[in-house]
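Sequential numbering from 46 applies to the sequence shown in the working numbering.
Worth flagging that the hints you see were computed from the coordinates, not collected in a lab. Treat the hints with care, as some may be off.
[Said to hold, decoys possible] Ranges between beta-carbon positions, derived for each pair:
hint, residue 1, residue 2, range
1, F88, A113, 12 to 20 angstroms
2, A47, K97, 18 to 26 angstroms
3, H94, M46, 21 to 29 angstroms
4, W99, H73, 17 to 25 angstroms
5, Q71, G116, 27 to 35 angstroms
6, P122, G96, 20 to 28 angstroms
7, N48, W99, 27 to 35 angstroms
8, V56, F82, 28 to 36 angstroms
9, V92, I63, 34 to 42 angstroms
10, G116, W95, 40 to 48 angstroms
11, D72, P122, 13 to 21 angstroms
Quick reminder that beta carbons are idealized off the backbone N, C-alpha and C, glycines included.
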Amino acid sequence: MANVLIILGAVMALAGWIWIVVLAFQDHILWGLGSLFIPLVAFIFVVTHWGKAWKPFVIQLLGGILIAVGGIMQNSPHS
Numbered sequence: 046m047a048n049v050l051i052i053l054g055a056v057m058a059l060a061g062w063i064w065i066v067v068l069a070f071q072d073h074i075l076w077g078l079g080s081l082f083i084p085l086v087a088f089i090f091v092v093t094h095w096g097k098a099w100k101p102f103v104i105q106l107l108g109g110i111l112i113a114v115g116g117i118m119q120n121s122p123h124s
């Protein structure tokens, strides 16, 4: 079960990141290139364009939470 959560979380996080990069490119090529190669730029894009970037950010965040929960489950002594 832990592996399923980790994989699902990774897919969600990747999908959210791709969505953010696409939105950044739609806004301006420099936002897109920055978001693609520099993670901090993607975060700044989300903050400055919250109205259109909150959904992919939340998906990415939920994916990270699933990865963390799966990792905790995998490393717990009761698994």
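**Request:** Please test the hint of 27 to 35 angstroms on the beta carbon pair from Q71 and G116.
**Result:** Once the Cβ atoms are compared, 33 angstroms apart, the range 27 to 35 angstroms for G116 and Q71 holds.
**Item:** Pairwise beta carbon distance, A47 to K97, judged against the given window 18 to 26 angstroms
**Value:** violated (34 angstroms)
**Message:** Just to be sure I understand the hint, the distance between the Cβ atoms of V56 and F82 should be within 28 to 36 angstroms; is that true here?
**Reply:** Between V56 and F82, where Cβ atoms are some 22 angstroms apart, the hint is violated.
**Asked** Between W99 and H73, does the C-beta distance stay in 17 to 25 angstroms?
**Response** Holds, since W99 and H73 (Cβ atoms, about 19 angstroms apart) stay within the stated range.
**Asked** Could one say that the CB atoms of D72 and P122 fall in the range 13 to 21 angstroms?
**Response** violated (47 angstroms)
**Message:** Please check whether N48 and W99 have a Cβ separation lying inside 27 to 35 angstroms.
**Reply:** Roughly 29 angstroms apart at Cβ, these two residues keep to the hinted range, so it holds.
**Prompt:** Given a hinted range of 12 to 20 angstroms, is it respected by the beta-carbon distance of F88 and A113?
**Reply:** Given a distance of about 18 angstroms, which is inside 12 to 20 angstroms, the answer is holds.
**C-beta pair P122, G96: status relative to the range 20 to 28 angstroms that was hinted** = violated (45 angstroms)
**Request:** Indicate whether the distance between the beta carbons of G116 and W95 respects the range 40 to 48 angstroms.
**Result:** violated (29 angstroms)
**Prompt:** Are V92 and I63 spaced within 34 to 42 angstroms by their CB atoms?
**Reply:** violated (19 angstroms)
**Request:** Using the beta carbons of H94 and M46, state whether their distance is inside 21 to 29 angstroms or not.
**Result:** The hint (21 to 29 angstroms, Cβ to Cβ) is violated, given that H94 and M46 are roughly 36 angstroms apart.
Hint violations for this structure: numbers 2, 3, 6, 8, 9, 10, 11, all remaining hints satisfied.
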